[in-house]
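Residues per chain are reported as follows:
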Amino acid sequence: MELFSNLAIGFGVAFTPINLLYAFVGCLLGTLIGVLPGIGPLATIAMLLPATYALPPVSALIMLAGIYYGAQYGGSTTAILVNLPGEASSVVTVIDGYQMARQGRAGPALAAAGLGSFFAGCVGTLVLAGFAVPLTEVAFKFGPAEYFSLMILGLIGAIVLASGSILKAVGMVLLGLLMGLVGTDVNSGVARFSFDIPELTDGIGFIVIGMGVFGYGEIISNLGKHASERKVFAAEVKGLMPTKEDFRNMAPAVLRGTLLGSALGILPGGGATMAAFAAYTIEKKAKMRPGEIPFGKGNIRGVAGPESANNAASQTSFIPLLTLGIPPNAVMALMVGAMTIHNIQPGPQVMTSNPELFWGLIASMWIGNAMLIVLNLPLIGIWIKLLTVPYRWLFPAIVLFCAIGVYSTNNNTFDIWMVAIFGVIGYTFIKLGIEPAPLLLGFVLGPMMEENLRRALLLSRGDWSVFVTRGLSASLLAVAALLLVIVLLPAVKRKREEAFVEE
Amino acid sequence: MRIKSQKDFFSGLLFVAVGIAFAWGATNYKLGDAARMGPGYFPLMLGVLLAILGLVVTFNALVVETEDGDPVGSIAWKPLFFIILANLTFGVLLGGLPSVNLPYMGLTAAIIALTFIAALAGEEFRLKEVLVLAVILAVTCYLTFIVALKLQFPAWPAFIAG
Chain P
1 MELFSNLAIG FGVAFTPINL LYAFVGCLLG TLIGVLPGIG PLATIAMLLP
51 ATYALPPVSA LIMLAGIYYG AQYGGSTTAI LVNLPGEASS VVTVIDGYQM
101 ARQGRAGPAL AAAGLGSFFA GCVGTLVLAG FAVPLTEVAF KFGPAEYFSL
151 MILGLIGAIV LASGSILKAV GMVLLGLLMG LVGTDVNSGV ARFSFDIPEL
201 TDGIGFIVIG MGVFGYGEII SNLGKHASER KVFAAEVKGL MPTKEDFRNM
251 APAVLRGTLL GSALGILPGG GATMAAFAAY TIEKKAKMRP GEIPFGKGNI
301 RGVAGPESAN NAASQTSFIP LLTLGIPPNA VMALMVGAMT IHNIQPGPQV
351 MTSNPELFWG LIASMWIGNA MLIVLNLPLI GIWIKLLTVP YRWLFPAIVL
401 FCAIGVYSTN NNTFDIWMVA IFGVIGYTFI KLGIEPAPLL LGFVLGPMME
451 ENLRRALLLS RGDWSVFVTR GLSASLLAVA ALLLVIVLLP AVKRKREEAF
501 VEE
Chain U
1 MRIKSQKDFF SGLLFVAVGI AFAWGATNYK LGDAARMGPG YFPLMLGVLL
51 AILGLVVTFN ALVVETEDGD PVGSIAWKPL FFIILANLTF GVLLGGLPSV
101 NLPYMGLTAA IIALTFIAAL AGEEFRLKEV LVLAVILAVT CYLTFIVALK
151 LQFPAWPAFI AG
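If you read the protein sequences in the order shown, they are chains P and U.
Letter by letter, the first sequence follows residues 1 to 503 of our numbering.
Letter by letter, the second sequence follows residues 1 to 162 of our numbering.
Please keep in mind that the hints were generated in silico from the structure rather than gathered at the bench.
For clarity, every value in this text was computed on a predicted model and none was experimentally measured.
Hints may contain errors.
[Claimed, not checked] Pairwise CB distance ranges (calculated):
no. : chain 1 : residue 1 : chain 2 : residue 2 : range
1   : P       : Pro17     : U       : Val147    : 19 to 29 Å
2   : U       : Arg36     : P       : Gln345    : 23 to 33 Å
3   : P       : Thr184    : U       : Arg36     : 12 to 22 Å
4   : P       : Ile341    : U       : Ile146    : 13 to 23 Å
Virtual Cβ for every residue (Gly too), placed ideally from N, Cα, C.
Using the sequences provided together with the hints, build the complete structure.
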């Protein structure tokens with residue numbers, strides 16, 4: 001079968017010593033930042049992007065991907081042991097995971113999270129490999145109108161799934177789109193909104209926005225909280241092995257979580273966090289077995305389900321990126337940047353023009369998941385030690401890596417001044433209760449959207465109806481409209497608010 | 001009129017201001033028409049949309065009741081000031097300021113200065129710890145970025161490296 005020969009190419013690439021090394025580095029870093037509360041995969045990938053210049057593109061992408069799914073594993077450790085989500089996607093794991101830890105069952109909780117994630121990761125990788133080819137074929141049928149509608153769908157998805165106010169999320173997307181337009185207009189050569197600053201004619205670097213808003217903004221906000229809100233109490237871990245009863249309870253939860261996570265990961269705007277929330281809701285609805293511990297009191301399904309879901313979603317969210325060239329969430333938006341640094345235009349042509357990159361990345365994810373389970377279960381002791389490192393040592397280091405990271409992209413201090421501005425902006429967003437992730441997505445899609453809108457309307461001679469008269473485009477817009485309607489229905493709206501209340 | 005949600009009220013105003021600024025800026029460029037869009041067309045459209053949306057958010061903040069008024073809360077001036085200052089100092093020391101003929105001091109000095117200033121943003125400042133941290137960071141960065149990755153950073157001040 002073609003799939004297997006493709007995967008064989010992939011494993012051939014991924015099993016070279018250098019790529020194994022970078023997969024390992026990525027997974028290690030991912031676990032590290034996953035364990036540490038207050039620094040997420042978004043900021044880390046932004047920090048490390050410049051350092052990947054020197055690497056071959058496959059190795060760079062393998063490492064960056066490892067950080068993303070590695071963080072899903074690490075985040076659960078912190079959630080279970082210290083009652084703090086190490087990552088946004090582990091928010092729900094806290095509820096039952098920490099209760100289990102308090103009852104002296106931290107080991108089985110960690111094992112459930114680790115094994116569930118591993119299973120989900122393997123399935124997610126298979127889904128990615130299986131869906132990639134057919135979706136790529138669809139992608140070649142896309143014209144500018146379809147691309148524009150697809151981006152609308154992606155942005156609506158991001159808005160619907162953002163936490164907090166929908167209106168403010170729309171605002172952030174628009175703001176991101178506008179910021180993406182700063183710089184030279186490709187069609188007319190006019191430098192827009194650049195205030196005659198030569199550096200701005202190239203546009204605002206997304207690394208600058210990522211680090212300023214997600215790095216500095218977060219740090220300032222963390223430091224503004226009182227120490228008690230950040231305090232870390234680590235629970236003890238004795239014995240990792242879940243009992244037979246645990247296995248019987250968690251197996252169906254892992255399966256459900258994996259399916260749900262894989263599906264939500266593919267959707268534009270979807271991603272690990274939403275998948276975890278949805279999986280927890282489903283587990284709560286599923287029938288209880290006699291004698292099972294209730295939810296919120298340390299039910300192992302409450303750990304296994306969401307942890308499987310977030311890991312599956314973090315793998316399948318590569319599908320829209322690799323096949324259509326459209327990033328479904330902010331982390332994937334950074335991956336677009338990583339690919340463009342290496343002169344690879346994300347989109348359907350990646351599979352044919354760079355098959356070793358495409359399949360190598362997929363194969364590396366499977367290897368990475370295997371590494372992660374080793375990193376996270378037998379070596380759990382090291383990560384627990386790490387949790388005792390005080391924040392006052394960590395944050396100056398993070399500030400430093402952000403500063404070096406932005407400078408090294410262009411060797412220009414202008415970027416350092418820009419990141420300061422965006423740090424202040426990022427802190428403002430946090431203070432105003434606006435979630436910044438949709439901004440980054442809008443920012444990356446801005447120029448692409450304008451380009452496709454212009455082309456579509458040029459071809460239709462200015463007739464806007466082209467977006468609804470072409471079948472594919474119309475159905476994409478219909479799905480987007482449907483999503484909006486669903487989320488605005490009063491019943492769903494209430495549910496959605498409940499789901500995010502726990503954050 | 002009482003503001004029912006402070007956070008939303010100011011978010012709305014922010015959107016209105018930025019939307020108007022972009023829309024107004026866009027009118028300086030050629031607009032064109034739908035079939036042949038000029039560089040101003042798309043930003044004008046987005047700017048107007050953002051401003052309208054901002055108005056809706058502001059209006060909602062004045063009308064929709066919230067439990068506690070959604071206060072913005074106190075601003076963490078100290079971390080804000082020191083983190084940004086640390087960042088700016090890092091830039092000045094690393095790159096110098098050619099406009100005022102200030103030469104660069106190099107990566108090592110920049111890292112040490114950044115660590116000290118950033119550490120002032122925290123709740124407690126322990127000189128010895130910060131010193132150790134600064135040295136560790138400087139050595140690690142020198143080894144990773146200059147020795148291993150061979151990035152083109154000046155490591156030492158201009159007057160030493162010449």
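- Task: Starting from the hint 23 to 33 Å, judge whether the C-beta atoms of arginine 36(U) and glutamine 345(P) obey it.
- Result: The hint (23 to 33 Å, Cβ to Cβ) holds, given that arginine 36(U) and glutamine 345(P) are roughly 26 Å apart.
- Query: Is the hinted range of 19 to 29 Å satisfied by the C-beta distance from proline 17(P) to valine 147(U)?
  - Reply: holds (22 Å)
_isoleucine 341(P) versus isoleucine 146(U) beta-carbon gap, inside 13 to 23 Å or not_ = holds (21 Å)
Does the beta carbon distance between threonine 184(P) and arginine 36(U) stay inside 12 to 22 Å, or does it fall outside? holds (18 Å)
Figure legend: structure checked against the earlier numbered hints; every hint is met.
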